[in-house]
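Enquirer: Make a model of the complete structure from these sequences and hints.
Protein sequences, first through last, are from chains A, B, C, D, E and F. Just so you know, we're using the numbering used here here: the first sequence kicks off at 1 and counts up by one. Just so you know, we're using the numbering used here here: the second sequence kicks off at 1 and counts up by one. Just so you know, we're using the numbering used here here: the third sequence kicks off at 1 and counts up by one. Just so you know, we're using the numbering used here here: the fourth sequence kicks off at 1 and counts up by one. Just so you know, we're using the numbering used here here: the fifth sequence kicks off at 1 and counts up by one. Just so you know, we're using the numbering used here here: the sixth sequence kicks off at 1 and counts up by one.
A portion of the hints provided could be inaccurate.
Identical copies look the same in the list; a pair holds intra-copy or inter-copy alike.
[To be verified] Result set (SDA-like, lysine to any residue): computed pairs, CA atoms no more than 25 Å apart in a straight line:
#  : residue 1 : residue 2
1  : LYS229    : GLU17
2  : LYS166    : ARG39
3  : LYS67     : PRO80
4  : LYS229    : ARG43
5  : LYS166    : LEU34
6  : LYS229    : ARG86
7  : LYS67     : THR199
8  : LYS67     : GLN5
9  : LYS166    : GLY89
10 : LYS166    : GLY124
11 : LYS229    : GLU33
12 : LYS67     : GLY128
13 : LYS67     : ALA225
14 : LYS67     : GLU33
15 : LYS166    : VAL228
16 : LYS67     : GLU3
17 : LYS166    : SER153
18 : LYS67     : ARG12
19 : LYS166    : GLY62
20 : LYS229    : THR198
21 : LYS229    : LEU141
22 : LYS67     : VAL172
23 : LYS67     : ALA121
24 : LYS166    : ARG117
25 : LYS166    : THR279
26 : LYS229    : ALA35
27 : LYS67     : LEU2
28 : LYS67     : GLY151
29 : LYS229    : ALA177
30 : LYS166    : PRO32
Keep in mind that the hints were calculated from the coordinates and are not lab data.
6 protein chains.
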Amino acid sequence: MLEHQQITDLIRPWLQEDIGRGDVTTRAVVDPELAGRARIEARESFVVAGLSVAAACFEEVGEGSLKWLPEVADGEAVEPHAVLARLDGPVASILTGERVALNLLQRLSAVATLTSRFVEAVAGTGAGILDTRKTTPGLRLLEKYAVRVGGGSNHRFGLDDGILIKDNHLAVAGGVALAVALARNGAPHGLRIEVEVTTLDGVTEALGAGADAILLDNMTPEMVAEAVKTAGGHALLEASGGMNLGNVRAYAETGVDLISVGALTHSAPAVDISLEVETE
Amino acid sequence: MLEHQQITDLIRPWLQEDIGRGDVTTRAVVDPELAGRARIEARESFVVAGLSVAAACFEEVGEGSLKWLPEVADGEAVEPHAVLARLDGPVASILTGERVALNLLQRLSAVATLTSRFVEAVAGTGAGILDTRKTTPGLRLLEKYAVRVGGGSNHRFGLDDGILIKDNHLAVAGGVALAVALARNGAPHGLRIEVEVTTLDGVTEALGAGADAILLDNMTPEMVAEAVKTAGGHALLEASGGMNLGNVRAYAETGVDLISVGALTHSAPAVDISLEVETE
Amino acid sequence: MLEHQQITDLIRPWLQEDIGRGDVTTRAVVDPELAGRARIEARESFVVAGLSVAAACFEEVGEGSLKWLPEVADGEAVEPHAVLARLDGPVASILTGERVALNLLQRLSAVATLTSRFVEAVAGTGAGILDTRKTTPGLRLLEKYAVRVGGGSNHRFGLDDGILIKDNHLAVAGGVALAVALARNGAPHGLRIEVEVTTLDGVTEALGAGADAILLDNMTPEMVAEAVKTAGGHALLEASGGMNLGNVRAYAETGVDLISVGALTHSAPAVDISLEVETE
Amino acid sequence: MLEHQQITDLIRPWLQEDIGRGDVTTRAVVDPELAGRARIEARESFVVAGLSVAAACFEEVGEGSLKWLPEVADGEAVEPHAVLARLDGPVASILTGERVALNLLQRLSAVATLTSRFVEAVAGTGAGILDTRKTTPGLRLLEKYAVRVGGGSNHRFGLDDGILIKDNHLAVAGGVALAVALARNGAPHGLRIEVEVTTLDGVTEALGAGADAILLDNMTPEMVAEAVKTAGGHALLEASGGMNLGNVRAYAETGVDLISVGALTHSAPAVDISLEVETE
Amino acid sequence: MLEHQQITDLIRPWLQEDIGRGDVTTRAVVDPELAGRARIEARESFVVAGLSVAAACFEEVGEGSLKWLPEVADGEAVEPHAVLARLDGPVASILTGERVALNLLQRLSAVATLTSRFVEAVAGTGAGILDTRKTTPGLRLLEKYAVRVGGGSNHRFGLDDGILIKDNHLAVAGGVALAVALARNGAPHGLRIEVEVTTLDGVTEALGAGADAILLDNMTPEMVAEAVKTAGGHALLEASGGMNLGNVRAYAETGVDLISVGALTHSAPAVDISLEVETE
Amino acid sequence: MLEHQQITDLIRPWLQEDIGRGDVTTRAVVDPELAGRARIEARESFVVAGLSVAAACFEEVGEGSLKWLPEVADGEAVEPHAVLARLDGPVASILTGERVALNLLQRLSAVATLTSRFVEAVAGTGAGILDTRKTTPGLRLLEKYAVRVGGGSNHRFGLDDGILIKDNHLAVAGGVALAVALARNGAPHGLRIEVEVTTLDGVTEALGAGADAILLDNMTPEMVAEAVKTAGGHALLEASGGMNLGNVRAYAETGVDLISVGALTHSAPAVDISLEVETE
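Expert: Pasting the structure below:
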């Protein structure tokens, strides 16, 4: 779940970005006292995510004067013409808040929808679908929430809530064993230590160094299967690199614990949603 | 061009989002004094946009200690393995800044690349490719810049730098003529007045009302051609709705002035770019 | 109308500027529980503007505990001793909020009052009275609101919601025709293009270049009349420079569309308003 | 003196207010690489104040690329056509920063000029000219600086750096003696205690209560002269209310220590200053 | 009293510091809908301070959904096991807000407790116990409030609400007389002028210069007694330096007005307070 | 190591808190052009921490004009009269920055000093000394840095970079096994799962649930020794509750991995440090 205050803090600068000094069109042509209704409607099939974020946009713009009446919940799959929510109150506020609310709803639903496809693709294998830090700058909290809505789970939220020793670190750190030891000593307790490897020797080395988790980068499913055998449950294994809906099941069937997919957040095309003001 | 200060103000919270209380991995395993080099490299073909934004990320993280050496310029088309830029300085700062810099470069290049395809598709027709307000919350300035890099031009930056009377406004405003008159009286001088219409009658009505520009929403190319004739140069015409690389030329050949495409900013899949630390 | 949230965001730092670490006098000598009433009273004749801004100051300081009871509305002309509003609630909050509230009310009413004099002076001519960007730093939104309250209308709110090519631009831009062409290509659609000229030749040149509006700078009424003839309705004409209550009607009678007056916002002397705590 | 950092912190939101998403005119019509010169010039006689504030505006906008060459110093009296400062560097930055810089320079010079007239009017009497808290919201630090530049001195900067028990406090506080005692006990040491009185009895009461300073509100010069005698140097005396250039000397000659004048900051009409870009 | 808004503004970044991107433990293991009760309990004897600050933490975290039921008031002395307050509402919010609330309550109560010991130690002498600027960065307003709760009074809140000419100033300012004269001319009216001296000659010099208050630094009680005689009530006297519970009464009995104690805020060890969630 | 930018962001509001509208004393009595030197000097024995934080205070206040010349490094033990650093530049800036710089240096050195005593007390046992979240609001990053300077290591920095299921969580979460399972599923990968227990049965339960670490709360050294045996290296063990310099070695000798001590950050009394301006 997202905290209401976190959402509000996030959306304020975004509303400011769109509204600037004020919605000059609406101010000029719509009576500020005019009350009305509007509906937010799906124009294709998708998994909904971000309703409370959209609601918060209208709450902010309307300063509490708009009623938000959701008709579905985050995580539900909807079909074209499904009404996601209705709004009731000053039409001017509905019009002013529309674009930012829809931009967010379209993007977060896109992330949830794409995630849910990956999750379905690996159904029954025991592998989890994981996001990455390849998120939209500023939207990480929301996009990672959308991943969870779509059935995925979350990797690190930032550089401070997990240790991941990557290839570029290893290039300068003097080897897996030393890097893991340094991380164990210097980093805050509470964080797992994960190491990225590209070979099966790397897996053995990481296990020997006591890594809590191993990221298997750009391996074939066969190599991943081998890594699973080697690890024997002594470390969490995460497969990563070049995952798509065509190949993800092959990876999942290797017995790997987690599969991380950058595309969930960096390449999900926006779903189509519209807002219609209703007149008698 | 983007102003340096605007970029810096934008990226600070994004770096904060990723770095949080600090890059615990790099702090633990990389000597803060260690200097080195890295290169940023294309892994597919695309039009580059956002180099100064990526540079600013490393400038911020390195507090000025990193040298940024661009090898291409925004707007250039690159092939796989092309080096976009090199970095020289503290490796720790390179590693800490990498993700946010790449996330932005991948997204902005994606927008420029998709825009350039639409621009090519209408080449020679005289029609301009226009963005919309369907941008990523928080990234509007950057994404609209990427549209220009890709050869497109910009519609409104927000609700305050242009008047666009849309269908939802008209539903409550009492007709095109009244709405245009209200906008002319109440809004700041300096803004054009554009009205959205969906029929040819609407075009005639908007012209009669003295609209400066008319948005032709979801019309067929044939209807747009008719609208062009009707307008006879007395208002700027913009076609919008359902544009894609397959149909955009047909619209462009109608003689319409502008074609706006939401997908430029809401659905361009990230291009693939990597950063490699170089060791001897 | 001003949005409540915009007002609140504006006044917070101003209250902070005055209150600092706290109103030490009131804390020391007034019982925080003591409830009472006060009235805000005109001490000269003027047009009221800014009541909701003053109300917001007391709302902020009183954190909602003060009742604000307006007795007049923005735009009304009042006479000495007229009560503008009454306050009911904790006296301590009334005293702490008084100065900032009055400073704003005195200044905004001054702007509205001066504007209304210019508007009266041109009554019946069809010319509109326009403000400029010569506003008090930080108060632009409020002062431009006060201009509207006084019957005037608004020019640009900033450098981004209108194109105005001024003498200094022309000095380096290579002539009117080129400057207008550059603006048409490079600037966001949605903005009108206005050019400043000082001669009748300039008017002709600007019309030829396709300018949407022309600022006639420091011309005599005779020259303005000539410009009106030359333009023949093909561009909006704005007269500017050295306007005062003595000469403004002569300009208005030329048939010019708009007359801009910097003094509306930079030189209106504060009107006199007091706050009186009422004791039985 | 004003601290450079304080100025920078103040002007940033004001530049943001004017520039918004960017100076679209200058971006479209002026080559960002074009270097040039400009001069800031007086168009009437006045006392200069705020040069470092104007300089800071150009420093911010130009991000350090503009050279600022002052030709006079704050506090100097200048005549029409005097050059206050020259600018050398990117013309685009000069044009973008011009308005905010001039708005501030015109206002602060106005405050200094009006103050200097009051100071001259009381020359030789020993009375000091004092400002009030009737300043422009957001500009207090600058306007109080301009008062000092004009030869005046400063009263409180806010509600927390001085105790001033006014009529409205006394109306609810139970009398002068009690109020002074409460202030002495409850307020931070380090602050003087000043009490506002309107009668000679009030002066006696305030002296008896041990007030450090007494504000003589709306008294005639004769009453003030009497108050000076009564006080006999045991408290600082400040005359206030209805001061103008016509009557201030009469007050000053009573022997009163300080005369406070709200008009210094709330009603000084802007002086006329222009910026001219210089071309060969 | 502390203003509610001031408290809220202070605690927000502190909650942010602790909560970061969210309380992952509570989110994972506690049902967000689960309501419950908790009590905040003393685990040693102390004087309570900061209840409204702790309440504000829970108000913020719970966004208004938690009921705060205080059982004691600031300033009361409590014994081990005393319940300070009860909380009623979502258990998740109680758990998330607990640490920051307790950290503040433990520290502020510590300051009040230590202050109250000094106040008791000087009881009946007429000397007041004063704090210093040796407070915790960011907590000055709260710690100075806690000093008042403990029966002490406040010295300056910052460098701008009182003039204190210290040894380091005198080292470069050319003597007490000159420094006092400069302060009297240049500083805002409303501020007392205090000078630090270390000898009895210094006292005489400060009196001669017209100082309003004199800080007697690191003097023995005998010297302070002598200073009291010398001053004869013509300036406020403050003893400072090396004060502890063992020697403070000796100083207080000299007749000095004020005794300032840095340890009140820089060295009071946290009192022990716990929060217990109550289950049936 | 602390990042320079993080320090700067932290200290700005603290300097603002102290300096407010400006250092009125220094402005009035010290020539702003006067250059000089000062030394920062220990007045008792302690371990130094926070030199770069103090340096940053002077850098901010002096806007780069002060030279900071450290004579020792963080982590060094110093004796009374040791010079920690010298300052060279405008005396006014030295005086204005002094208090905040010293307040921080005194507090951080206190934390490092107390930590080093605990570290020495357990020397040779293999147990690490750990901090807690009982830090000063706003100073967590700095105080945790000081703990590392003193030889300790860091527990969580906030509620988001580690999972710690405490007694209050368990009271509502339905037992250790369920809570650990919920945490494993719902929380971001990358975080260890730690559970607080108060009995040896709790240790067994936590091990069975697969906890990565176990917090042994308020156990005797004998119980801790038993827990160490039970765990047999399958989970990290942390002893906590009531630790002091008298009993900590007994705990350390049990073989426990970590000992956490709240007093490190909540009850270290400030060390004594002074700043002396040097005159010839």
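Enquirer: At most 25 Å between alpha carbons: which applies to LYS166 and LEU34, within, between, both or neither?
Expert: So LYS166 and LEU34 pass the 25 Å test across copies only (17 Å; inside, 57 Å).
Enquirer: Between copies, within a copy, both or neither: which fits LYS166 and ARG117 at Cα up to 25 Å?
Expert: neither (28 Å within a copy, 35 Å between copies)
Enquirer: Reference check for the pair LYS166 and GLY62, CA-CA at most 25 Å: within, between, both, or neither?
Expert: Classified as between; 20 Å across copies, 46 Å inside a copy.
Enquirer: From the Cα coordinates, with 25 Å as the cut-off, is the pair LYS229 and ALA35 best called within, between, both, or neither?
Expert: Classified as neither: same-chain Cα gap 65 Å, cross-chain 39 Å, threshold 25 Å.
Enquirer: Is the C-alpha distance from LYS67 to PRO80 at most 25 Å within one copy, between copies, in both cases, or in neither?
Expert: Result: close within a single copy only, 24 Å intra versus 44 Å inter.
Enquirer: Are the CA atoms of LYS166 and SER153 at most 25 Å apart within a copy, between copies, both, or neither?
Expert: Classified as both: same-chain Cα gap 21 Å, cross-chain 24 Å, threshold 25 Å.
Enquirer: Using 25 Å as the alpha-carbon threshold, which applies to LYS229 and GLU17: within, between, both, or neither?
Expert: Neither, since 52 Å and 37 Å both go past 25 Å.
Enquirer: Is the C-alpha distance from LYS166 to ARG39 at most 25 Å within one copy, between copies, in both cases, or in neither?
Expert: For LYS166 and ARG39, only the inter-copy Cα distance (16 Å) is at most 25 Å; the intra-copy one is 47 Å.
Enquirer: Can you give me the call for LYS67 and GLY151, within, between, both or neither, at a CA distance of at most 25 Å?
Expert: neither (29 Å within a copy, 35 Å between copies)
Enquirer: Between copies, within a copy, both or neither: which fits LYS229 and GLU33 at Cα up to 25 Å?
Expert: For LYS229 and GLU33, neither the intra-copy (68 Å) nor the inter-copy (40 Å) Cα distance is at most 25 Å.
Enquirer: Is it within, between, both, or neither for LYS229 and ALA177, if the alpha carbons may be no more than 25 Å apart?
Expert: Close inside one copy (21 Å), not across copies (28 Å); limit 25 Å.
Enquirer: Give the relationship of LYS166 and GLY124 under a CA distance limit of 25 Å: within one copy only, between copies only, both, or neither.
Expert: neither (30 Å within a copy, 34 Å between copies)
Consistency note: the structure conflicts with the earlier hints numbered 1, 4, 6, 7, 10, 11, 12, 13, 21, 23, 24, 26, 28.
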